[in-house]
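S.K.: Throughout the sequence shown, residue numbering follows my numbering, covering 1 to 333 in sequence.
It cannot be assumed that every hint is accurate.
Said to hold, decoys possible - The list that follows gives simulated cross-link-like pairs (lysine to aspartate or glutamate, DMTMM-like), each with its CA atoms no further than 20 Å apart:
hint	residue 1	residue 2
1	Lys11	Asp86
2	Lys231	Glu66
3	Lys192	Glu304
4	Lys11	Asp118
5	Lys192	Glu270
6	Lys231	Asp36
7	Lys143	Glu154
8	Lys192	Glu154
9	Lys213	Glu323
10	Lys192	Asp279
11	Lys192	Glu265
12	Lys79	Glu66
13	Lys291	Glu312
14	Lys231	Glu246
15	Lys11	Asp92
16	Lys11	Asp36
17	Lys79	Asp279
18	Lys213	Asp190
19	Lys291	Asp279
20	Lys291	Glu270
21	Lys143	Asp190
22	Lys11	Glu154
23	Lys143	Glu164
24	Lys231	Glu147
25	Lys192	Glu147
26	Lys291	Glu304
27	Lys291	Glu164
28	Lys143	Glu304
Hints are computed from structural coordinates only; laboratory data are not their basis.
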Amino acid sequence: MPTASLNAPRKVIYDTDPGVDDAMALYYALAHAGVDVVGITTTFGNVTVEQAATNALYLTAIAGFEIPVTKGVARPWVKASEPPPDYIHGADGLGNLPVREVTRNTLDPRSSAQFIVDMARAHPGEITLVAVGPLGNLATALKLAPELPTLVREVILMGGTVVEPGNVSPVAEANIWNDPHAADLVFTADWKLTMVGLDVTHQVILPVTLFGKIAQHQQHVATDTLLHAVKFYANFYSDLYPHVAEIHGCFGHDVLAFIYLTNPELFQLESGRMRVAVDGLAQGQTMLRRKRIDYPQAGWEAEESMTHACMEVDAVGASQVLEATLMGQWLAR
């Protein structure tokens with residue numbers, strides 16, 4: 001099937017639940033010359049799916065971009081829904097913005113899963129799915145089109161953890177815990193998949209001063225909006241982690257998925273069979289088969305699909321790439 005030129009910008013569908021770090025990741029992707037965001041598919045998670053879609057439309061509009069935005073799944077496949085964590089991202093997902101500019105862009109009428117399938121069929125071998133929320137849209141797309149893994153270039157997701165403690169339970173990361181049944185389907189599909197989880201995102205602490213510097217340089221409503229959101233987000237993390245409070249910052253989380261896309265040399269990976277615990281105290285745990293042991297239980301067969309899990313990151317290098325990208329000329333004036 002056709003494949004994209006190695007030198008062409010990577011066509012990306014961004015699956016997201018914005019969310020402060022989601023907004024950070026979106027603006028990094030829009031600013032980076034090597035990324036072509038061809039669509040934004042939204043899901044529940046940090047906010048309701050309705051608010052996620054509203055935020056995606058707003059963030060792209062104020063930055064001067066016209067990109068298709070779709071609304072996707074509103075709840076987990078099986079488990080009960082949980083209220084959005086407004087104490088982390090604000091009730092509106094962007095740190096409770098005091099005012100929003102008037103914008104006029106509207107949603108693409110397709111569901112997020114249908115949009116993913118349509119774009120993958122229209123551009124076989126070219127689409128990278130970067131997913132930074134619960135994975136219901138990707139799982140639904142797999143149900144709609146079982147051949148999807150043969151059509152997309154790769155999947156990069158922010159979620160999960162291998163050895164780092166979880167952030168919603170001792171073993172679970174929030175995106176995976178929010179919809180573990182969908183996540184297990186995504187991890188076991190036969191596509192190239194890289195997990196950018198807490199093992200690396202907890203290594204990258206971004207100070208509020210960095211986003212203040214970007215906003216001062218750009219003098220634009222988009223970076224002012226991002227700065228406002230990051231301040232709210234950093235207050236939460238600074239209250240929770242003393243080492244984060246020392247620099248008054250926040251974890252990079254979602255933006256690390258795009259930094260992996262553009263600068264994979266900054267990361268060290270391990271590969272193995274990944275499964276997700278779907279219930280019980282370990283619900284949402286991402287379990288990586290790290291040793292070649294013939295486990296007697298089903299689910300760990302050697303011939304099953306592999307996940308590439310990011311385990312180490314050059315934190316200084318990642319921060320420098322983020323700063324250089326957002327300080328460039330990318331915003332409509």
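S.K.: Is the straight-line distance between the alpha-carbon of Lys291 and that of Glu270 20 Å or less?
M.R.: Roughly 11 Å between the alpha carbons, so the hint for Lys291 and Glu270 holds.
S.K.: With a cut-off of 20 Å on the C-alpha distance, tell me whether Lys192 and Glu270 pass.
M.R.: holds (14 Å)
S.K.: Are the Cα atoms of Lys143 and Glu164 separated by 20 Å or less?
M.R.: Measuring from Cα to Cα gives roughly 31 Å; hence the hint is violated.
S.K.: Does Glu147 lie within 20 Å of Lys231 when you go C-alpha to C-alpha?
M.R.: Measuring from Cα to Cα gives roughly 43 Å; hence the hint is violated.
S.K.: Given the proposed pairing of Lys291 with Glu312, does the C-alpha separation stay at or below 20 Å?
M.R.: holds (18 Å)
S.K.: Need the status of pair Lys192, Glu147: alpha-carbon distance at most 20 Å?
M.R.: holds (14 Å)
S.K.: Within a Cα-Cα threshold of 20 Å, do Lys11 and Asp86 meet the stated pairing?
M.R.: violated (32 Å)
S.K.: Holds or violated: Lys291 with Asp279, Cα cutoff 20 Å?
M.R.: Violated. Lys291 to Asp279 sits at ~24 Å, over the 20 Å cutoff.
S.K.: Need the status of pair Lys143, Asp190: alpha-carbon distance at most 20 Å?
M.R.: Status holds; Cα separation ~13 Å.
S.K.: Hint check: Lys291 vs Glu164, CA-CA at most 20 Å. Holds or violated?
M.R.: holds (18 Å)
S.K.: Verify the proposed pairing of Lys79 with Glu66, using a straight-line Cα cut of 20 Å.
M.R.: Distance of about 35 Å is beyond 20 Å: violated.
S.K.: For Lys79 and Asp279, compute the direct alpha-carbon distance and say whether it is at most 20 Å.
M.R.: holds (8 Å)
Checked against the numbered hints given earlier, this structure breaks hints 1, 2, 6, 10, 12, 15, 18, 19, 23 and 24; the rest are met.
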